[in-house]
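Colleague: Sequence:
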Amino acid sequence: MIDCCKITKKTKKCFRKSDKKIFSLPRRFTKKKCIEGSVKGFTMQSSCKPFKDCINQKGGNKFLKNKNNINAVCVLHYNNNNVTGTINFTQEKDKVKVSYNITGLKDGKHGFHVHEYGDLTDECNSACSHFNPDNTNHGGRNSKERHVGDLGNIISKKKLAKGYFYDKIISLDFFSKNCIIGRSIIIHEGEDDLGKGKGEKKEESLKTGNAGKRLACGVIGVKK
352 MIDCCKITKK TKKCFRKSDK KIFSLPRRFT KKKCIEGSVK GFTMQSSCKP FKDCINQKGG
412 NKFLKNKNNI NAVCVLHYNN NNVTGTINFT QEKDKVKVSY NITGLKDGKH GFHVHEYGDL
472 TDECNSACSH FNPDNTNHGG RNSKERHVGD LGNIISKKKL AKGYFYDKII SLDFFSKNCI
532 IGRSIIIHEG EDDLGKGKGE KKEESLKTGN AGKRLACGVI GVKK
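According to our numbering, the stretch in the sequence shown is residues 352 to 575, in order.
The hints are simulated quantities; they were obtained by calculation from the structure and are not laboratory data. Here the structure is a predicted model, which is why all the values come from computation and not from measurement. Note that CB positions come from ideal geometry on N, CA and C, so glycine has one too. Treat the hints with care, as some may be off.
In silico DSS-like pairs for lysine-lysine, Cα to Cα no more than 30 Å straight-line [stated by the list, open to error]: (1) Lys564 with Lys457; (2) Lys552 with Lys510; (3) Lys575 with Lys495; (4) Lys384 with Lys363; (5) Lys372 with Lys460; (6) Lys457 with Lys547; (7) Lys508 with Lys460; (8) Lys383 with Lys364; (9) Lys444 with Lys457; (10) Lys547 with Lys448; (11) Lys460 with Lys519; (12) Lys361 with Lys383; (13) Lys519 with Lys547; (14) Lys446 with Lys363; (15) Lys495 with Lys549; (16) Lys400 with Lys446; (17) Lys495 with Lys513; (18) Lys357 with Lys444; (19) Lys575 with Lys384; (20) Lys444 with Lys368; (21) Lys448 with Lys510; (22) Lys575 with Lys510; (23) Lys574 with Lys384.
Now the in silico label distances, taken between C-beta atoms and shown as ranges [to be verified]: (24) Asn452 with Lys360: 47 to 53 Å; (25) Thr394 with His428: 23 to 29 Å; (26) Ser494 with Thr437: 37 to 43 Å.
All chains, full assembly: derive it from the sequences and hints.
Modeller: Right, dumping it as structure tokens:
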């Protein structure tokens, strides 16, 4: 089978060299359009996946080629809990820097997660569950098993939670199954037990970390 970067008009299937994944052809957009960058947005994400290894050819889509420089931002949506702030994301090679500046939280630890959808039509409820493409149990950032969206806790002091951390699981790469762009951040009322709950709390601990009510949320979008 032919490498996707070497296909012809007659090729019906190809493999992506980096991971040997097989794709059916033709796609909605051609290899040429994907490489030149004349197609942008989430439509490209699906149609141009076979050509991920080809973007370093002459020309190329600058946005995709410079994916290590992608920045994203989440501005917390208006809520009745008076929690406001922003979360910034920066892709730095194989990890993402997460910087946050949030006001209005009670002092203490608060669960901090990426949820599956960027849908706030029913406030934070329509963001659904934690982002979990691997269908694993809940944990913390450093747990052996975790949801992709498990980002642990942030700590509020004098109603201000401000700081940063790095995470190697989430991604801002549109081609990654762990890409969080277009999904939501949710901040919870209580502390995330990181999947370590026992007794009656154990079952829920492995789903949500017993972090409680959803206080604030916002959609993660590409930053200028």
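Colleague: The structure should be examined with respect to each hint, and the outcome stated for every one.
Modeller: Now the hints, each set against the structure:
no., hint, in the structure
1, Lys564 with Lys457, "holds, 13 Å"
2, Lys552 with Lys510, "holds, 28 Å"
3, Lys575 with Lys495, "violated, 34 Å"
4, Lys384 with Lys363, "holds, 18 Å"
5, Lys372 with Lys460, "violated, 42 Å"
6, Lys457 with Lys547, "holds, 23 Å"
7, Lys508 with Lys460, "holds, 9 Å"
8, Lys383 with Lys364, "holds, 17 Å"
9, Lys444 with Lys457, "violated, 34 Å"
10, Lys547 with Lys448, "holds, 25 Å"
11, Lys460 with Lys519, "holds, 22 Å"
12, Lys361 with Lys383, "holds, 15 Å"
13, Lys519 with Lys547, "holds, 21 Å"
14, Lys446 with Lys363, "violated, 35 Å"
15, Lys495 with Lys549, "holds, 18 Å"
16, Lys400 with Lys446, "holds, 21 Å"
17, Lys495 with Lys513, "holds, 26 Å"
18, Lys357 with Lys444, "holds, 27 Å"
19, Lys575 with Lys384, "holds, 23 Å"
20, Lys444 with Lys368, "holds, 20 Å"
21, Lys448 with Lys510, "holds, 23 Å"
22, Lys575 with Lys510, "holds, 29 Å"
23, Lys574 with Lys384, "holds, 24 Å"
24, Asn452 with Lys360: 47 to 53 Å, "holds, 52 Å"
25, Thr394 with His428: 23 to 29 Å, "holds, 26 Å"
26, Ser494 with Thr437: 37 to 43 Å, "violated, 27 Å"
Against the hints set out earlier in the document, violations occur for numbers 3, 5, 9, 14, 26.
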